[in-house]
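Visitor: Residues per chain, in single letters:
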Amino acid sequence: MALLEVEDLRVTLPTARGPAAALRGVSFSLEAGEALGLVGESGSGKSLTALALLGLLPEGAAVGGHIRFAGRDLLALPERELCRLRGNRIAMIFQEPMTALNPLQTIGRQIAEPLRLHRALSRSAAADEAIRLLGRVGLKPAAGRARAYPHQLSGGQRQRAMIAMALACAPDLLVADEPTTALDVTVARQSLDLMAALAAESGMALLLISHDLGIIAETTRRMLVMYGGQVVESGPTAAVFAALAHPYTRGLFAARPRLDGMPGRLPTIPGSVPDLADLPPGCPFAGRCALAIAACTAAEPPAVDIGPGHQARCIRLDQQPPAGDPVAGGPA
Amino acid sequence: MGLYLLKRLGGLLATLVAASIVIFLALEVLPGDAAEMQLGQNATPAQVLALRTELRLNRPAVERYLVWIGGMARGDFGQSYSYEVPVSGLIEQRLQVTIPLAFLAMALTILLALPAGIFAADHHGRPSDVAVSGLTQLGLAIPNFWLAILLVLLFAVALHLFPSGGFPGWNHGLWPGLRALLLPAVSLAAVQAAILTRITRSAVLEVLGEDFVRTARAKGLSRPATLWRHVLRNALISVVTIMGLQFAYLVAGTIVIENVFYLPGLGRLVFQAIANRDLVVVKNAVLLLAAMVMVINFIVDLLYAVIDPRLRISRP
Ligand SMILES: Nc1ncnc2c1ncn2[C@@H]1O[C@H](COP(=O)(O)OP(=O)(O)OP(=O)(O)O)[C@@H](O)[C@H]1O
Ligand code: SF4
Ligand SMILES: [Mg+2]
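Chains A and B, in that order, are what the protein sequence lines are. Going by the working numbering, the first residue of the first sequence is number 1, and it counts up by one from there. Going by the working numbering, the first residue of the second sequence is number 333, and it counts up by one from there.
Just chain A, same shape as in the assembly (with noise of 0.2 Å):
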């Protein structure tokens, strides 16, 4: 059984224009000590799965489909449950590596936290811990580190003390969303191969949030492209890059930043991303897409088997992008 079996999962979130249906049936599943990448555009609901997964969608959310996590459905659970897996056997790391620390306490006891909580670690006990930790990031000297406050780090350091922070009770999966988008182009790469690694070393899965298709490619072995809160493509990494068989997902790779360029920088494609609470039919990339027929449009595209483990949501994958732009995603 998969560590991880996501299901259909929906989820509407009130807006002031009416209810939005931000993820409309996101379905994958995860293998123990797997890792699996997530890319999409900004806003195509890379955030809200993963704050799905740990139960910390925004207030009003309404959620459906299943999460299965180790046998068990997160959906069902009850709050008090789900604040025992939260850091514990599910971690997360965020976005923001300034903002994502408490001010006020030190970086030692931010980390201790967790053990504190879940193992029922005496304060010394957790204290030393969480210094040794900071070693395993590779934060020195961890014990000065410890004792540090957040503001006393840079934005690397910080990122690595979340690291610690995550990998504190030792989680079977930790999800990552987007850790590095505030760092520099070097600094991001060194903490995402130290996770990866770390993740890769101590078994866990890892479900990787990035803008940053290198990263993808180098550290999963499966990916999932999201659009308008679907997934339009889901397969081996390997097969996707190659194949770049739905149109959107040839778009992504067209507007990837050069590689002498920013790997944080948000991918574009023409056009933007449609209003969530006032999806049309069909297709959501329809309004965007260059191949788009009237009947994009009739019905919600089914997923399609590609290769082994490789589908895509979209009706006309034997078509040939437009001649002249081999990798082109629509209408300028």
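Calculated from the structure, these hints are not laboratory results. Fair warning: there could be bad hints in the mix.
[As the list claims (entries may be wrong)] Derived CB-CB ranges, DEER-like:
hint	chain 1	residue 1	chain 2	residue 2	range
1	B	A623	A	P58	31 to 41 Å
2	A	Q190	B	L344	39 to 49 Å
3	B	I606	A	A16	53 to 63 Å
[What the hints assert, rightly or not] Which residues of chain A face chain B? A few of them, derived with a C-beta cut under 8 Å, are:
hint	residue
4	D8
5	R84
6	H151
7	G155
The C-beta atom is built at its ideal place from N, Cα and C for all residues, glycine as well.
Since the structure of chain A is provided, determine the placement of chain B with the ligands on it from the hints.
Guide: For chain B with the ligands alone, kept in the frame of chain A given last:
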């Protein structure tokens, strides 16, 4: 930490000196002669001359300023013209009312406002939050002297639980003194608690939206545990600022309530001294009030440093 303290202490002393100069100059440039003003129109020229000499009005302003400050430093505040007693004794007596009243009102304010504000923020948008908001609106809308009169009518006149006014002093024990101050303190605290509740609520709400709160939840802390361990101390930074302002107001601005309850407080002393043209009392009492407000601000600065390591410890 040491440098931060030293800077604040230097600032405190500098503002004290500046305030004393402003107070001195303000009374100096008042039209008319201080001696004539004190004695009124029926004074003989001989009386005026005698008082002028006593007040050193014939000496240069700088000398008079220095004599005033030097006297204060030795605890000699001069002689009150209208009460015919040393000003220091007069002020000391009045402080025995003003300071306990301010502390009592502030304690009530904090006891009411912090739990109410935290509760409202934690129940953001729910009926209980709306109810707290409604109560604070009411607290803000009711003038404190009107509330004071209502309280007197109910608890003093109708129920005889508390005296309707006056202050017996502290030599009859703690309870009679407290009893006399309780209704005034409640009248003062109502508005202050309403203000502080709103400030606390919005401060807590603001912190609840911070990223580190989500981090705390992701670690497995429950909502209440997150509130206690990560939110409240962060919210306290802006709450302490307002508490400082409120305490300063309670020390220096309670004249209306003192009048309603016939309390011999410092505000009432200044008011009466101005009416009596007792400039020596005015000068010293106002400087003392200013000094107390500055000391309160200094304590608030200290509290900031205690709460927030970013002020204590600079970057590496
Ligand atoms: N608290 C919220 N209230 C209302 N709408 C929200 C909320 N959080 C997210 N959304 C909406 O849900 C959609 C998906 O958001 P999500 O944060 O999952 O995107 P994302 O893929 O993580 O984007 P990014 O790359 O910018 O982080 C967006 O349209 C967003 O506007
Ligand atoms: S279904 Fe149609 S609109 Fe959607 S991606 Fe495929 S071709 Fe484009
Ligand atoms: Mg996001």
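Visitor: All hints are to be evaluated individually against the structure, with a verdict given for each.
Guide: How the hints compare with the structure:
Between B/A623 and A/P58 the CB atoms are about 50 Å apart, so this pair departs from the stated range of 31 to 41 Å. Taking 39 to 49 Å as the suggested C-beta distance range, the pair A/Q190 and B/L344 conforms, at roughly 47 Å. Taking the beta carbon of each, B/I606 and A/A16 are about 55 Å apart, inside 53 to 63 Å as hinted. For A/D8, the shortest C-beta to C-beta distance to chain B is roughly 24 Å, which exceeds 8 Å, and the interface hint is violated.
For A/R84, the shortest C-beta to C-beta distance to chain B is roughly 7 Å, which falls under 8 Å, so the interface hint holds. Proximity of A/H151 to chain B holds as hinted, the smallest CB-CB distance being about 5 Å (cut-off 8 Å). The interface hint given for A/G155 is violated, since its Cβ lies 13 Å from the closest Cβ of chain B, which is over the 8 Å cut-off.
Consistency note: the structure conflicts with the earlier hints numbered 1, 4 and 7.
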